[in-house]
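Position chain B against the provided structure of chain A, taking the given hints into account.
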Amino acid sequence: DTGVSQDPRHKITKRGQNVTFRCDPISEHNRLYWYRQTLGQGPEFLTYFQNEAQLEKSRLLSDRFSAERPKGSFSTLEIQRTEQGDSAMYLCASSPGLAGGSFTDTQYFGPGTRLTVL
Amino acid sequence: QQQVKQSPQSLIVQKGGISIINCAYENTAFDYFPWYQQFPGKGPALLIAIRPDVSEKKEGRFTISFNKSAKQFSLHIMDSQPGDSATYFCAAGYNNNDMRFGAGTRLTVKP
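As given, the protein sequences belong to chains A and B, one line each in that order. If you read the first sequence in this note's numbering, its first letter stands for residue 1, the second for the next number, and so on. If you read the second sequence in this note's numbering, its first letter stands for residue 1001, the second for the next number, and so on.
Bear in mind the hints are in silico, worked out from the structure with no lab data behind them. Some hints could be false.
Think about it this way: if two alpha-carbon atoms lie no more than 30 Å apart in a straight line, the pair counts; the simulated BS3-like pairs of lysine-lysine are [what the hints assert, rightly or not]: (1) B:Lys1042 with B:Lys1057; (2) A:Lys57 with B:Lys1110; (3) B:Lys1015 with B:Lys1042; (4) B:Lys1015 with A:Lys71; (5) A:Lys14 with B:Lys1042; (6) B:Lys1058 with B:Lys1042; (7) A:Lys11 with B:Lys1042; (8) A:Lys57 with B:Lys1068; (9) B:Lys1068 with B:Lys1110; (10) A:Lys57 with B:Lys1071; (11) B:Lys1110 with B:Lys1042; (12) A:Lys57 with A:Lys71; (13) A:Lys57 with B:Lys1042; (14) B:Lys1042 with B:Lys1005.
Just chain A, same shape as in the assembly (with noise of 0.2 Å):
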């Protein structure tokens, strides 16, 4: 497995359409986060999945978007109505998840996907 996969890489749209991302986590791998990353911003958490169930979300997490983790495999994120200040870097990561652990582990990021609304 060499790491982390998203898919598409780049995404341009026009304002009010539906996007669709997907993230190929690491196998095995049982925790699976989104991120949000803007132009000279470190990245910022959106959700986070535990196999198959989405644990958390974020307030910058509006109703237009919806993430999913069917099988506890990959996971798509969706924005729907697209606005201009969506246009940001979109970034998958999993992590291994400590068994019964209460420490916080290791997060592996994708290589993102940078979407454009104009």
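Here is chain B on its own, set in the frame of chain A:
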């Protein structure tokens, strides 16, 4: 949203010099402090990480110094090389999932 403050915003270092980037955090619940390196158009790549029970960790030319009482940690890059030119992010994680990132430091190493 930003609970981790990073400085400086940009840094220029001569080849062979030491690059030092600092971060400060507020939430004492943080239990994991990684540094990520990011090149343009790429996702962040884990460089080195430390937990609060250790005051220093070294991996090759990269060292993290951690001061729990001051709630500060820093990245030192020894013998900086032009290939180290990138944006560096500190982060702090807690509750087994939540990770907060600094705003980043753009490092330029001049040959």
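Hint by hint, here is what the structure shows:
Proximity of Lys1042 of chain B to Lys1057 of chain B is assessed by CA-CA distance (about 26 Å); at most 30 Å being required, the pair is judged to hold. This hinted pair does not check out: Lys57 of chain A and Lys1110 of chain B have alpha carbons roughly 42 Å apart, beyond 30 Å. For the proposed pair Lys1015 of chain B and Lys1042 of chain B, the alpha carbon gap of about 24 Å is at most 30 Å, so the pair holds. With a CA separation close to 48 Å, the supplied pair Lys1015 of chain B and Lys71 of chain A exceeds the 30 Å bound.
Taking the CA atoms of Lys14 of chain A and Lys1042 of chain B, the gap is about 24 Å. The hint holds against a cut of 30 Å. Proximity of Lys1058 of chain B to Lys1042 of chain B is assessed by CA-CA distance (about 25 Å); at most 30 Å being required, the pair is judged to hold. With a C-alpha separation of about 15 Å, the suggested pairing of Lys11 of chain A with Lys1042 of chain B holds against the 30 Å cut-off. For the suggested pair Lys57 of chain A and Lys1068 of chain B, the alpha carbons sit about 29 Å apart, so the restraint of at most 30 Å is met.
Using a Cα cut-off of 30 Å, the hinted pair Lys1068 of chain B and Lys1110 of chain B is violated, with the two alpha carbons roughly 33 Å apart. For the given pair, Lys57 of chain A sits about 27 Å from Lys1071 of chain B by alpha-carbon distance, which is consistent with the 30 Å threshold. Of the pairs offered as hints, the one joining Lys1110 of chain B and Lys1042 of chain B holds, with about 22 Å between alpha carbons and a cut-off of 30 Å not exceeded. With a CA separation close to 19 Å, the supplied pair Lys57 of chain A and Lys71 of chain A stays within the 30 Å bound.
Simply put, Lys57 of chain A and Lys1042 of chain B have alpha-carbon atoms about 24 Å apart, close enough for the 30 Å limit, and the pair holds. A hinted pair counts as satisfied when its Cα atoms are at most 30 Å apart, and Lys1042 of chain B with Lys1005 of chain B qualifies at roughly 23 Å.
Hint check: violations occur at hints 2, 4 and 9; the rest are consistent with the structure.
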